[in-house]
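Residue numbers (the numbering used here), protein chains in the order written: chain A, 9 to 573; chain B, 11 to 175.
Treat the hints loosely; a few may be bogus.
[As the list claims (entries may be wrong)] Taking lysine to aspartate or glutamate and the EDC-like style, the derived pairs with C-alpha atoms no more than 16 Å apart in a straight line are: (1) Lys73(A) to Asp27(A); (2) Lys22(A) to Asp174(A); (3) Lys316(A) to Glu156(B); (4) Lys12(B) to Glu41(B); (5) Lys384(A) to Glu533(A); (6) Lys323(A) to Glu63(B); (7) Lys301(A) to Glu337(A); (8) Lys323(A) to Glu179(A); (9) Lys316(A) to Glu67(B); (10) Lys323(A) to Asp201(A); (11) Lys106(B) to Glu134(B); (12) Lys149(A) to Glu24(A); (13) Lys199(A) to Glu337(A); (14) Lys301(A) to Asp565(A); (15) Lys316(A) to Glu65(B); (16) Lys141(B) to Asp125(B); (17) Lys83(B) to Glu41(B); (18) Lys77(B) to Asp310(A); (19) Lys316(A) to Asp52(B); (20) Lys316(A) to Glu63(B); (21) Lys83(B) to Asp52(B).
[Claimed, not checked] Coverage of chain A stretches by chain B, computed from C-beta distances (three or more under 8 Å per stretch; other residues unrestricted): (22) 249 to 261; (23) 355 to 368.
[As the list claims (entries may be wrong)] So the derived list for chain A, only partly shown, Cβ under 8 Å to chain B, looks like this: (24) Lys140; (25) Asn173; (26) Ile175; (27) Leu176; (28) Pro311; (29) Ala312; (30) Asn315; (31) Lys316.
Just so you know, these hints were derived from the structure itself, not from any lab. Since the structure is predicted, the reported quantities are computational estimates derived from the model, not experimental observations. By construction, the Cβ of each residue, glycine as well, lies at the ideal position given by its N, Cα and C atoms.
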Amino acid sequence: MRMLGAEVVIECLKKEEVDIVFGYPGGAVLTLYDALFKTKFPHILTRHEQGAVHAADGYARATGKTGVCFATSGPGGTNLVTGIATAYMDSIPLVAITGQVGVSLIGKDSFQEADICGITTPITKHNYLVKKIQDLPRVMKEAFYIARTGRPGPVVIDISKDVFNDILDFEYPNSVCLRGYRSTFSGDSAKIDSVVEALEKAEKPVIFVGGGVNISGMSEEIRKLIQMTGIPVMSSLMGLGCIPSDLPEQLGMVGMHGTYAANMATIDCDLLMGIGVRFDDRVTSLVKNFAPKATIIHFDIDPAEVNKNVRADLKIVGDLRWSLPLLCEKVAGRSLTKEQWASLEWTDIVQEWKREKPLSSSLPKGGIRPQDVIEKVSELTQGDAIIVTDVGQHQMWTAQSYNFNKQRSFLTSGGLGTMGYGLPAAIGAQITLPDKAVVLFTGDGSIMMNCQELATVADNGLPLKIIVMNNQVLGMVNQWQRMFYGQRYSHSSTKGCTDFVKLAEAMGVAGLRVTKPEDLNMILEKALQMEGPVLVDVLLPETEDVLPMVPPGGRLDQMVLRGGI
Amino acid sequence: MKYTLTVLVENRPGVLTHISGLISRRAFNIESIAAGPTEETDTTRITIGVEVEDEFELEQVVNQLSKLINVIKIVNLTYVDSIQRELALIKVRANKANRSDLVDIVEIFRAKIVDVNRETLVVELSGEESKIDALCEVLADFGIIEIVRTGRIAVSRGPVPAKEM
Numbered sequence: 009m010r011m012l013g014a015e016v017v018i019e020c021l022k023k024e025e026v027d028i029v030f031g032y033p034g035g036a037v038l039t040l041y042d043a044l045f046k047t048k049f050p051h052i053l054t055r056h057e058q059g060a061v062h063a064a065d066g067y068a069r070a071t072g073k074t075g076v077c078f079a080t081s082g083p084g085g086t087n088l089v090t091g092i093a094t095a096y097m098d099s100i101p102l103v104a105i106t107g108q109v110g111v112s113l114i115g116k117d118s119f120q121e122a123d124i125c126g127i128t129t130p131i132t133k134h135n136y137l138v139k140k141i142q143d144l145p146r147v148m149k150e151a152f153y154i155a156r157t158g159r160p161g162p163v164v165i166d167i168s169k170d171v172f173n174d175i176l177d178f179e180y181p182n183s184v185c186l187r188g189y190r191s192t193f194s195g196d197s198a199k200i201d202s203v204v205e206a207l208e209k210a211e212k213p214v215i216f217v218g219g220g221v222n223i224s225g226m227s228e229e230i231r232k233l234i235q236m237t238g239i240p241v242m243s244s245l246m247g248l249g250c251i252p253s254d255l256p257e258q259l260g261m262v263g264m265h266g267t268y269a270a271n272m273a274t275i276d277c278d279l280l281m282g283i284g285v286r287f288d289d290r291v292t293s294l295v296k297n298f299a300p301k302a303t304i305i306h307f308d309i310d311p312a313e314v315n316k317n318v319r320a321d322l323k324i325v326g327d328l329r330w331s332l333p334l335l336c337e338k339v340a341g342r343s344l345t346k347e348q349w350a351s352l353e354w355t356d357i358v359q360e361w362k363r364e365k366p367l368s369s370s371l372p373k374g375g376i377r378p379q380d381v382i383e384k385v386s387e388l389t390q391g392d393a394i395i396v397t398d399v400g401q402h403q404m405w406t407a408q409s410y411n412f413n414k415q416r417s418f419l420t421s422g423g424l425g426t427m428g429y430g431l432p433a434a435i436g437a438q439i440t441l442p443d444k445a446v447v448l449f450t451g452d453g454s455i456m457m458n459c460q461e462l463a464t465v466a467d468n469g470l471p472l473k474i475i476v477m478n479n480q481v482l483g484m485v486n487q488w489q490r491m492f493y494g495q496r497y498s499h500s501s502t503k504g505c506t507d508f509v510k511l512a513e514a515m516g517v518a519g520l521r522v523t524k525p526e527d528l529n530m531i532l533e534k535a536l537q538m539e540g541p542v543l544v545d546v547l548l549p550e551t552e553d554v555l556p557m558v559p560p561g562g563r564l565d566q567m568v569l570r571g572g573i
Numbered sequence: 011m012k013y014t015l016t017v018l019v020e021n022r023p024g025v026l027t028h029i030s031g032l033i034s035r036r037a038f039n040i041e042s043i044a045a046g047p048t049e050e051t052d053t054t055r056i057t058i059g060v061e062v063e064d065e066f067e068l069e070q071v072v073n074q075l076s077k078l079i080n081v082i083k084i085v086n087l088t089y090v091d092s093i094q095r096e097l098a099l100i101k102v103r104a105n106k107a108n109r110s111d112l113v114d115i116v117e118i119f120r121a122k123i124v125d126v127n128r129e130t131l132v133v134e135l136s137g138e139e140s141k142i143d144a145l146c147e148v149l150a151d152f153g154i155i156e157i158v159r160t161g162r163i164a165v166s167r168g169p170v171p172a173k174e175m
């Protein structure tokens, strides 16, 4: 069928079963937007290209499907950069389609020209510049294939304006032919036997799950493994949701703001099994002091992750959808009891750590404590909401205090730590899951980084609940300045005239404010019950620190705890 | 430790950007890089000379490069019996008085003189890097004006090509 290049793009999206795109029009994509108009293909207009890419990311995280966003050439493309990098760091399947200037204008510093392929090379799984319409169907097919297979990631397709206007007899390829790309699924099964043997021999084993478990949807497998073996399990920020937080073996998050039990277990364990993790520096602190007594087993789909940060004694390279069921099967085949897999002594020690120093707040009861806000929302939503955060103190408090129960229920910028991620990501999640409660925890700093998207929320009538943890400081910066920079609070105060309730209302979102502790529960309940979008501005004391904290360069058991240790 | 990697890549626009982008982003210590067409029109062959601390670092270089979509295959030729060569063109000062000395040196190194004029001559030499280094050192006494080197290329001995290794 003969059609315009712009229509080819839309047809390809349909073939890839894309149900919605997020974007912002502009000169180089006018023909593409004209095709959207004519085909009535679902599209959400955000108020900034960064909003579009984060929304596509939130959509992808909440569903596992590939998120798609559109932007024009030049500034349109460069505004996507932060969002692409965010998706890249957290392995999120994303296809970003940007317009490029006409073929004859490329390289001439033309109006709204930027080399988006050059710019995004280090932050994409792959990228393409399309200058000939004949290449378009193949490139679209390859881009989606690359984005979602293997270790997922973002792919940029930069399409010259001329290509959108050109005509092609459209035929979508049935398969891709990429000589240099194999999305590995299965690995060496014999190595799983070695893992089982190592687990049998271990006296103090611990399991450490990460984002890979969320991505592969293997939380049920992890739960099985823990139920069979009773081995204590901890999580990275990206792994939250994979293990129900009420499981007794669950130790919570490990790392800089990890729990006492998880961090102590890491230092003391004699076997650490990392599953779908990349041993980020926020987890390991100084690598040489990470799990110093342990045999390290590393499960990951990406061979380049193994031995990158932490040297593994046993490497299981392959899709977790292959390795974890096989591991469960082999563990089940052994005649060991739960008590034999993880010795009673070890599980007692770990439980004692959990009891000894649970997470707490330094603030007196009676005031509004950030943890209370999150715990209340946790109670009200019963772990059945999609929780989205921005970046900073509120993010860590959410990670620590919300009782996650389901995979893909926690959307947060883990690797890149992108302030401004939350609101648009929550939009993406809410659009694809309209009947689900979606709650955004954000800060007075983060919300301002993409607050224009409140307009997108209102215009689409999204029943999003936005909770601004407003301590009137850039909390995490403030905390570091308090702890490591002699309380010199350089430019970390946001005290001013901004009225978040009015801001919300101006954009068409209802606004509520909590100033008194006794109102907290009532207002949160009210907000969650309201039909449409609501922003709740919760005024918090400014000096609460996120604790425990492992000071930079410290060892995981050298945590600063409440009252100090 | 120095290693020689043969990297077979798709002959497509943007491939070298992806490779050089990766090398700089991951801060890999690359000594030399030489690219050119091969017996297959759709394949480009790149020889990369890399200096790394240990085998773990080398593993990272190989694994990260392998992740690039357009990289078809990587072969570590360091431990394979192979021939390694580099081509150099050296422009050196030469006058009537010392030209014959230069010719002697060029002969000893089995190099070639490919351009002569009143003040300079250009010497062409192919060989292992150490041989080129040695010639450059000797020619330095005459006054080197400029040096161009291709970076090393390598091919294994015997009938098996890199793509089948």
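Query raised in the report: Looking back at the hints listed earlier, which ones does the structure fail to meet?
Result: 2, 3, 6, 7, 8, 11, 16, 17, 19, 22, 23, 24, 25, 26, 27
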